[in-house]
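J.: One letter stands for each residue in the lines below.
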Amino acid sequence: MTTRDQMLANIKANQPALRPVPTDFTFTSVYPDLTKQFIDVLTFVGGAALIVEDFAAIRASLQTQFPNMTSVATTCPELADLADVTMNVTDPHELSGLNLAIIEGPLAVAENAAIWVDERQIPQRVAPMITQYLVIIIHQSTIVPNMHDAYKLLKVDATGFGTFICGPSKTADIEQSLVIGAHGARSLMVYILP
Amino acid sequence: MNKQLTLDHADAALEFNKNEAKVDWHDETLWFVRTKRDRAVAQIPEWEQLREAASQIKNYGLSNMHDLLIQFEENAIRNGIKIHWAADGDEHNAIILDIIKQAGANRMVKSKSMLTEECHLNQFLTDKRIEVIDSDLGERIVQMRGEPPSHIVLPAIHLTKAEVGETFHEHLGTDKGATDPQYLTEAARQHLRETFLTRKVALTGVNFAIAETGGFVVCTNEGNADMGVHLADVHIAAMGFEKIIPRAEHLSVFLRLLARSATGQPITTFSSHFHRPRPGQEMHIVIVDNGRSRQLGRPDFRNSLKCIRCAACLNTCPVYRRSGGFSYHSAVAGPIGSILAPNLDMKQNADLPFASTLCGSCSNVCPVKIDIHDQLYKWRQVLMKEGYGPGSKTVAMKAMATVLESPRLYRMAGKVGRGVLRFAPITVENGLNPWYTQREMPEPPAESFHDWYVNHKKA
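Chains H and Z, in that order, give the protein sequences.
Numbered according to our numbering, the first sequence terminates at residue 195, and the numbering increases by one at each position without gaps.
Numbered according to our numbering, the second sequence terminates at residue 1866, and the numbering increases by one at each position without gaps.
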């Protein structure tokens, strides 16, 4: 018998009598202001957010936040002229010098400030981690209250890879001191469009 | 091998307790994490119902494990992922070595996986001349020091920043005496970026495997799992079979519970869902048993397989906080480790279920409602019955049983005890009495409860 068959046989012999799959596992979260809740939590985890009117405002803010930044890549058509490099590379190693990545997030969660992105927003999976600084643009209307609402809208295998991003990369492995910028982006700026 | 690994829990804890200031620091550091958890939990009104939902999903998973694994395998293969099955640690290690060799590599970068610790993968690969670099900062620190992780979520929680500074000075050439976490983390960032960019093979653990979609989720704060695998040609994911959950939608429950229970964060920075290798990449999943199917067959202990490795039970445990992770001489320390380890080796880990006050705090914080302290108690019964209990305990328990069985003997022993404590305290307050170690002896009452009762009944 192969290891696989032996393992499965042992599991079948030892597993308890079938229990029903629970149906009551999603909950409703009520926040008076979803955007405020999202911003509060994002700030708590070391990110920053700005409510903006349009792409012109984002452009102006980016120029103050990241003056004279080079090695900038974006997948937003509206900001294409700000980019001097592309994320559409065949070898992800080519992104090692990326300073700023500007991407869109199709879905955000108020309870924990997590933003979903998948391969439709990031042509290379490593982009949001390998970049030194990360900017995500979301729309207010796509903020859902909690994770149950998010998974009802998501199809997690629509592309080969998707991730919830919540704030900049961080660690507290040295004596529980919070350090922002472990291996991934050193900051996360979120622009919230109407 | 670590010196402490040869000692049993009590003796290893005694070693750890020699540095009282460090013990206090360790205790307070972990309690700080526990209080962060409490604050996060208080913000979720439905927390208890969430725990119940998670527990029920896992119960269903255990009861339908065989079919869920087959469903997972089918879907994963359809997604282009290669599936391997490993009966034990040796088979797991051999499969991984084989994949590395097939890729023509002799170096690998790894993100956190307690399963590979359980299987002693690093040592195995090092012996085969494969270089392994752990990329989680805490794991990298302990790896440089030649130590195993002392905690499943915070691997270097036993070290002060001065000790980390010393280690980095030696291995990364940072300034001598540097203790600034920002500075030290930056040094590690540069060192590990170089590693990520040059490794063809990367290994991750698996937090959750989804039967319905044939994909899996890996959660990190640093983004180290992502940096490793998205730059590598080969991604190996090592998973214990109990990581399976039925549906993607169930992730909503577990991702709400995991980070809040672990560190008090609302969610980890990256919760990455892998379903297909990227073009040109290979993706492998190694599904491991290593005693899990045996534990599944033990009705009293199978609940331990529901664990999602958040470490809330470690952080709250008064014994763990004061004895340190290494005293558990097992890949998974603390209360959860103490109910998993005897399944792996009953004789070698017979001491661990006794390393608890049975206060129940572990069970209270467990996000999937594992009856941890009940299982610790049950393991004690099993271990004593199987003859693995400590000899001194057997003698003491027999003597106690004799005394408790006879009211006359009991009253006499009480009288002697009270007399000794009052008139000759030195006979019990000395190093020969193990009960006196790190404890004050009680002040003896003038009379026993029995005498008091008899006297008052008369009046």
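If you are wondering where the hints come from, they were derived from the structure by calculation, not from laboratory data.
In this text, all values refer to a predicted model and were calculated from it rather than measured experimentally.
Hints are supplied without guarantee of correctness; some may be wrong.
[Said to hold, decoys possible] Taking beta-carbon pairs under 8 Å as the criterion, some of the chain H residues facing chain Z (in silico): (1) PRO17; (2) LEU19; (3) ASP25; (4) LEU35; (5) THR36; (6) THR44; (7) VAL46; (8) GLN64; (9) THR65; (10) LEU80; (11) ALA84; (12) TYR134; (13) GLY161; (14) GLU176; (15) SER188.
Note that beta-carbon positions come from the ideal geometry of N, C-alpha and C, so glycine has one too.
J.: So, H/GLN64 near chain Z? Judge it on the closest CB pair being under 8 Å.
T.: violated (27 Å)
J.: Tell me if H/LEU35 is really an interface residue toward chain Z, meaning its C-beta lies closer than 8 Å to one of theirs.
T.: violated (14 Å)
J.: For the restraint on H/THR44, tell me whether the closest CB of chain Z is nearer than 8 Å.
T.: Violated - the Cβ of H/THR44 stays beyond 8 Å from chain Z, reaching only about 12 Å at its closest.
J.: Interface hint check: H/ASP25, Cβ to nearest Cβ on chain Z, cutoff 8 Å. Holds or violated?
T.: At about 7 Å, which falls below the 8 Å cut-off, the nearest Cβ of chain Z leaves the hint on H/ASP25 intact, so it holds.
J.: Once the shortest beta carbon distance from H/LEU19 to chain Z is found, is it less than 8 Å?
T.: Holds: closest Cβ of chain Z sits about 5 Å from H/LEU19, inside 8 Å.
J.: Per the CB criterion, is H/SER188 less than 8 Å away from chain Z?
T.: violated (12 Å)
J.: Does the closest beta carbon of chain Z sit nearer than 8 Å to the beta carbon of H/THR36?
T.: Check failed: Cβ of H/THR36 comes no nearer than 16 Å to chain Z, outside 8 Å.
J.: Taking the closest Cβ pair, is H/TYR134 under 8 Å from chain Z?
T.: violated (13 Å)
J.: Using Cβ atoms only, decide whether H/PRO17 comes closer than 8 Å to chain Z, and label the hint accordingly.
T.: This hint holds: H/PRO17 lies near chain Z, its Cβ roughly 5 Å from the closest one there, short of 8 Å.
J.: Closer than 8 Å between Cβ atoms is the bar; does H/GLY161 clear it against chain Z? Give me holds or violated.
T.: Check passed: Cβ of H/GLY161 comes within 3 Å of chain Z, closer than 8 Å.
J.: Tell me if H/GLU176 is really an interface residue toward chain Z, meaning its C-beta lies closer than 8 Å to one of theirs.
T.: holds (4 Å)
J.: Holds or violated: is there a CB of chain Z closer than 8 Å to the CB of H/THR65?
T.: violated (25 Å)
Comparing the model with each earlier hint shows violations of hints 4, 5, 6, 8, 9, 10, 11, 12, 15; every other hint is respected.
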